[in-house]
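One line per chain: the protein sequences are A and B, in this order. Take the first sequence: its position 70, counted from the start at 1, is 70 in the numbering used here, and no numbers get skipped. Take the second sequence: its position 141, counted from the start at 1, is 141 in the numbering used here, and no numbers get skipped.
Bear in mind the hints are in silico, worked out from the structure with no lab data behind them. Every clue listed holds true.
Partial chain B-side listing against chain A, Cβ under 8 Å, derived:
1) Leu226
2) Asp227
3) Phe228
4) Arg230
5) Val231
6) Ala232
7) Arg233
8) Ala234
9) Ser238
10) His246
11) Arg249
12) Asn250
13) Asn324
14) Thr326
The structure displayed is predicted, hence computed values, not measured ones. We put the CB at the ideal spot given by N, CA and C, even for glycine.
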Amino acid sequence: MSNPILQVENLQICVRKKPGVLILRGVSFHVNAGETLAIVGESGCGKSMTSLAIMGLLPDAVEKLSGTIRFKGRELPITDNRAMRKVRAAEIGMVFQEPMAALDPLYPVGKQVLEVIEEHEKLPRAMAWARVIDLLTKVDLPNPETLAWSYPHKLSGGQLQRVVIAMALACNPDVLIADEPTTALDVTVQAQIMRLLKRLQRDTGVAIVLITHNLGLVAHTADRVMVMYAGNKAEEAPTRDLFLNPRHPYTRGLLDATPNPERASAQGGVLREIPGTVPSIADPMPGCRFAPRCPNASDLCHARFPDPTYEGAHGYACHHPVTDARV
Amino acid sequence: MKPIRRRFPWAFLAKRVAYGALAMLAIAIINFFLLKLAPGDAAEALAGQAGTADPAYIAQLRAQFGLDQPLLSQLWAFLVRLATLDLGYSYVFNERVSVLIFSRMPATLMLMGAAIVIAVIGGIVFGVTAARYANRWPDRVISFVALLLYGTPPYWIGLMMILIFAVTLGWTPTSGMENVLAFNTGWDRVADIAHHLILPALAQSIFYLAIYIRLVRAGMLEVLSLDFIRVARAKGISERRLSYRHALRNAVLPLVTVVGTNVGNFLGGAVLTETVFSWPGVGRLMFDAMFQRDLNLLLSILVLSSFFVILANLIVDLLYAVINPTVELK
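Just chain A, same shape as in the assembly (with noise of 0.2 Å):
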């Protein structure tokens, strides 16, 4: 963790007008320059709100309730739109779930690559659209300069995220947002997303904070993972780290309920679940959030939500981590 690029700190995010219903519980991480931090957790755990907040793009019904979001020192002032549009993109890029849904349908790829460059450089109209094309071929895709005059409806899906991840770089971020970007591709295309957003980590060294329910994704790809469960962080290690020795009996049940054939004997051929559910975001537990759910929860874990305790780089929020090793 020497060169943080990006830091939040306590981030807490309610909704609007109701500071006792939060959606981010106070949720603290940084993401170094050039690395890949993955944000694993289960849907509505909080990690599209964190990457949306990062980019001051909280729906409207939420609200920043406290904390900072500080990008290369300085803190960003993620409630003011006009300041953050300059941030947007330009240092900060941003690739979504939906590649299908991400595009205006009645522009041009090209022209809408083009219209970022165009915010926020002044570039000749030329020189402008040749990085265009420069963009178009580094993302993979075949006649750049074809391609580029067509419109959404005529491209596929990993077509179009390969046009949403150019958009993304088109300005030279320091940091890429990836929600879910591959969730809604075929499982070929996923792979050849995720090596197409390796690779150009390596080429540029954006630092990339790649947001999935996937984990076997994240072990492939990110050096850092940070486990978020019901708002809060649970448990932050590198990934060799986290998957070999997870300390959070959450992490630990999330893993396991990962499909493995080579695992499957171990367990007896049984894929374990993690019983119960996710608390409401209303609901005013005092402890920790997962202890209801949790097979190592005693009375203190109801009664006091745990500090985070850290292991060097591998930080755990629980009052009884798991000592055992995975098979």
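Dock chain B against the given chain A, drawing on the hints supplied.
Same frame as chain A, now just chain B:
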């Protein structure tokens, strides 16, 4: 950078022209029989005006107008005249039908065009504003006024506008298309006609303005909630550019369709507006022809109106494909 040009859809155009011609033929035939169902004819109307009911005189008029022929041969004669673009002679107005219509047509087209332009531009500006301030006071004011205008009869609005703006305030003339006694020429005449045009064009546009505001507002709200708008926001684009370049162009597609289908209504509405404002257009000519039982003139106007409606719809379809690249005309 050079865009790839799309080829002009000639095949589509040819097909639509053929369909349009068939539609016009059907309209001509149906209207012919419909109007023949109405009691009375031009001969009786003229005889009535002359103050005589002499059967011999009426019979002579009928023979002169061709009204004594069997129905089907009258229809055939009418269709042949249409096909040769010779619309015949109006015995009621003592003038060739084509001359009558084409002397009135510019006034109606001008009124219609102005009304459509006002309704479309106003609909877009107010609709976009309402959507951008959804559920805040600018939206509430615009939506309320639009509802009010939507529910008010257009002729009543016309009469009230004359009363307020022409009679009480004296800002505009009460009726007519120009001040003929002023013998204006050049730009003076244009300004004079524009001055006369304001009230009738506004009166005719108001109902459609209300519809278009609501249509654009709803369309904008729907489009603004779509994913690509959020993606565009993440690109750092300004809200104004987002509204007009991305959201509006998508939201305006249904408006284009509706305006196309409304062209016919605008022509129909011209009868009322032209009567209220004494506008010398085809609408009033149609009204007079109806009362004089001038079947030939009336049919000619109806067929010509259908031509304009069909033409307008064809243009709208071509335009739609230009605005929306996902549409392919076949």
